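**Student:** Residue strings, one per chain:
4 protein chains.
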Amino acid sequence: MTAVDEVRRTIERLRREVCDLHAELTRYGLVVWTAGNVSARVPGEDALVIKPSGVAYDALTPAAIVVTDLHGNLLDGDLSPSSDTAAHAYVYRHRPDVNGIVHTHSTYATAWAARGEPIPCTLTMIADEFGGEIPVGPFALIGDDSIGRGIVETLAQSRSDAVLMRNHGVFAVGASAKAAVKAAVMCEDVARTVHISRQIGEPVPIAPEDVDRLYARYKNIYGQQAGERELR
Amino acid sequence: MTAVDEVRRTIERLRREVCDLHAELTRYGLVVWTAGNVSARVPGEDALVIKPSGVAYDALTPAAIVVTDLHGNLLDGDLSPSSDTAAHAYVYRHRPDVNGIVHTHSTYATAWAARGEPIPCTLTMIADEFGGEIPVGPFALIGDDSIGRGIVETLAQSRSDAVLMRNHGVFAVGASAKAAVKAAVMCEDVARTVHISRQIGEPVPIAPEDVDRLYARYKNIYGQQAGERELR
Amino acid sequence: MTAVDEVRRTIERLRREVCDLHAELTRYGLVVWTAGNVSARVPGEDALVIKPSGVAYDALTPAAIVVTDLHGNLLDGDLSPSSDTAAHAYVYRHRPDVNGIVHTHSTYATAWAARGEPIPCTLTMIADEFGGEIPVGPFALIGDDSIGRGIVETLAQSRSDAVLMRNHGVFAVGASAKAAVKAAVMCEDVARTVHISRQIGEPVPIAPEDVDRLYARYKNIYGQQAGERELR
Amino acid sequence: MTAVDEVRRTIERLRREVCDLHAELTRYGLVVWTAGNVSARVPGEDALVIKPSGVAYDALTPAAIVVTDLHGNLLDGDLSPSSDTAAHAYVYRHRPDVNGIVHTHSTYATAWAARGEPIPCTLTMIADEFGGEIPVGPFALIGDDSIGRGIVETLAQSRSDAVLMRNHGVFAVGASAKAAVKAAVMCEDVARTVHISRQIGEPVPIAPEDVDRLYARYKNIYGQQAGERELR
Chain L
23 MTAVDEVRRT
33 IERLRREVCD
43 LHAELTRYGL
53 VVWTAGNVSA
63 RVPGEDALVI
73 KPSGVAYDAL
83 TPAAIVVTDL
93 HGNLLDGDLS
103 PSSDTAAHAY
113 VYRHRPDVNG
123 IVHTHSTYAT
133 AWAARGEPIP
143 CTLTMIADEF
153 GGEIPVGPFA
163 LIGDDSIGRG
173 IVETLAQSRS
183 DAVLMRNHGV
193 FAVGASAKAA
203 VKAAVMCEDV
213 ARTVHISRQI
223 GEPVPIAPED
233 VDRLYARYKN
243 IYGQQAGERE
253 LR
Chain F
23 MTAVDEVRRT
33 IERLRREVCD
43 LHAELTRYGL
53 VVWTAGNVSA
63 RVPGEDALVI
73 KPSGVAYDAL
83 TPAAIVVTDL
93 HGNLLDGDLS
103 PSSDTAAHAY
113 VYRHRPDVNG
123 IVHTHSTYAT
133 AWAARGEPIP
143 CTLTMIADEF
153 GGEIPVGPFA
163 LIGDDSIGRG
173 IVETLAQSRS
183 DAVLMRNHGV
193 FAVGASAKAA
203 VKAAVMCEDV
213 ARTVHISRQI
223 GEPVPIAPED
233 VDRLYARYKN
243 IYGQQAGERE
253 LR
Chain R
23 MTAVDEVRRT
33 IERLRREVCD
43 LHAELTRYGL
53 VVWTAGNVSA
63 RVPGEDALVI
73 KPSGVAYDAL
83 TPAAIVVTDL
93 HGNLLDGDLS
103 PSSDTAAHAY
113 VYRHRPDVNG
123 IVHTHSTYAT
133 AWAARGEPIP
143 CTLTMIADEF
153 GGEIPVGPFA
163 LIGDDSIGRG
173 IVETLAQSRS
183 DAVLMRNHGV
193 FAVGASAKAA
203 VKAAVMCEDV
213 ARTVHISRQI
223 GEPVPIAPED
233 VDRLYARYKN
243 IYGQQAGERE
253 LR
Chain Y
23 MTAVDEVRRT
33 IERLRREVCD
43 LHAELTRYGL
53 VVWTAGNVSA
63 RVPGEDALVI
73 KPSGVAYDAL
83 TPAAIVVTDL
93 HGNLLDGDLS
103 PSSDTAAHAY
113 VYRHRPDVNG
123 IVHTHSTYAT
133 AWAARGEPIP
143 CTLTMIADEF
153 GGEIPVGPFA
163 LIGDDSIGRG
173 IVETLAQSRS
183 DAVLMRNHGV
193 FAVGASAKAA
203 VKAAVMCEDV
213 ARTVHISRQI
223 GEPVPIAPED
233 VDRLYARYKN
243 IYGQQAGERE
253 LR
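Chains as they are written, first to last, in this note's numbering: chain L, 23 to 254; chain F, 23 to 254; chain R, 23 to 254; chain Y, 23 to 254.
Looking at chain L on its own, in the form it has when it is part of the complex (with noise of 0.2 angstroms):
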């Protein structure tokens, strides 16, 4: 098997994946309509494939799912690129650990977000999963980097591997797209249950170093799959 025959082979395993990982985000009710994109990096080439804008979950198929180069650019495929590309290229660019992105408006995450306000590290869940609170990037337009940059450099901050961008929505990145899916799923379980547990009353803070106890162990002990979670 040639080089290049070994590149196809693994596009059309990434859109098998990057199109089937969509349904998690239906299945946990975390996008409506069109209103959100998983992306794989192409392993060792300036590539992604990356959800076609504008078109509905249910009528996703692998063929569907485009290619583009790490700055937007069409590649391969019949349809346009999400108009969100621009940012998941950018993070790829300045984040080679990162192999898997999502984006979505899921509705607890978002809600956190309009208000600019991090999610305070109060169960051990995000303690596990996000070492510490889940934190805010900034109000960003579409069209130009900032979007991307606002989540690299809020990134860089923290432990996390979601942020929230303000008035906006969720960005999860991992060391694979399904580990990036998993951390949408848990950042809107965890931002819906601190929202709650905060409407009528205060949660209280986990001790920093319990936090960091948590962490560690979750990071290295965890599940089944070593490297699901080798970007800790």
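Where hints are given, some of them may not hold.
Note: identical chains are not told apart, hence a pair may lie in one copy or across any two.
As the list claims (entries may be wrong) - Restricting the straight-line Cα-Cα distance to at most 25 angstroms, the calculated cross-link-like pairs of lysine to any residue (SDA-like) are:
| # | residue 1 | residue 2 |
| --- | --- | --- |
| 1 | Lys241 | Asp80 |
| 2 | Lys241 | Tyr79 |
| 3 | Lys241 | His116 |
| 4 | Lys241 | Ala86 |
| 5 | Lys241 | Asn95 |
| 6 | Lys241 | Ala78 |
| 7 | Lys241 | Leu96 |
| 8 | Lys241 | Asp167 |
| 9 | Lys241 | Pro118 |
To be clear, the hints were calculated from the coordinates, so they are not data collected in a lab. Treat the numbers as computed from the prediction; the structure is a model and nothing was measured.
Since chain L is already given, all that's left is putting chains F, R and Y on it; use the hints.
**Tutor:** Just chains F, R and Y, lined up with the frame of chain L:
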């Protein structure tokens, strides 16, 4: 094919489309029992197709969808038209650019409507889809033109395709029945997110010039199907 | 066909209907586990059919539905009748116009019941369906007639087909089991919308004369099946 | 059939049961991703069956369920046991009447847990199922006996079969795995209803003597299967 045959075929197609689009209302939880309806204008004719009154969504078939003139008088169909037909018909008479209308009592949007409060533009998704706040229309009794007039007059002062009718529910319009359903789905989604954000603080408004930029971009370049966005 | 055969057939039909209607309770999320039930009067007989006690909705079959007299004594069936049978039976004895009853602990309606607060008539849907606020009945222990009496006495002072039993849940009645299920579904829907509206402000009440107009119109002309509305 | 064969058969049956019961956790929305687990004691043996760590609910098969001793050491299975196994094992060692345990981070119950607030007994369903308020257990780190000890000590001072572990989530116990799942489902249901009731006022408490009457009746006569209730 005669002109009469062509109209007949168009009506058959619209009956199927409108029947199918009701499944989006149940999928996104916008309706319970029989409390919501979709209509489409029959292009070039003084006619519309609409859900019959009091029929369960599961039991809806294309053949059950009825045809009325633009004053709500039955032209074809075995069942009575939706009791909201007069309001749909009024809008089609006064808005030649509108080809589809949806009415729901979706929970969060109706909760804003019960307080008579517009949904403030605090999310990029609201700026994209609605070009500003989602406005409130008057309280109006069913039985004459007051609901239809309230919809048309309120939308005339706004870029929004959705209106919250006071103490009642949502009417959404579009260049097609599908575009109207999209507006209804998005209206409930942002009504929910902003409501939740406001429960424990104040969501930050988006500056009017940024709203304009977001709306202009979205209107012009989002999605694959230019036709779907042509209303705006 | 003898009169006995006819009653037998009627009971078989009602067992199927009542069995099927429980699927509406799960579809609309009104019940968890086994905590809710539907019954129907056997017309012309001192008998009712009702869900057996402690049986999962998935496992429910027409044959599992039991028949009791109007004091809750088992007439036919292999399982014990619902522990709420006495309350259903009391209502059938005292309300000859009622042919179907539903009991749920649906979340939002029960939340109002836990505060002992009626649901104010702030939506056209409440005016249409319930003719005014949805009233609260007394706190009552299971085991004697107090629940049934509380239902009947509270409904006697109201146009509503649903009552919020204090600290407990909802009872809804109708001219048929299906009409009662509709009232239970609508009760939860408006309980949720008005609750959400009240979380961040005050929903505007509808003027009593408008409530009367809406209720009169809906009672007389909505829907295809006159029979379904005949109770009101 | 030898005694060894009998134990093998019992384990096969429990693996199927425990595998299937996880579907109730997803059905009622108590878990996301892999964050929740069910176990059952192997009767007469120092052993339990439990979900493996980090496996998706969809992918769960009876063969994937693992067997450990009552200190969490793997006896049979290809995968690592749930990271919560030590807590389950501690409870089985100290509560011989408990044969099933469920752990979730279900939203509303965990929201109470994040504030460290018990769920007050303001619904007849709470009195029936839990015999009083649902108590809060201590904050405890994973890795030693502190979670298990926290569960056992908290439940010892209560009639409740569920405990809200501070900043963490719910543990529910039962005479069978199914009874524990029921307690977990009911715990989330009442956590949600009472939370919603408290959002806009104060739910009225039920008098302690009425709580006792409701609990006594429910424990003794509800349902068809006496065995399911025998723990209480």
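**Student:** What hint numbers does the structure not satisfy?
**Tutor:** none
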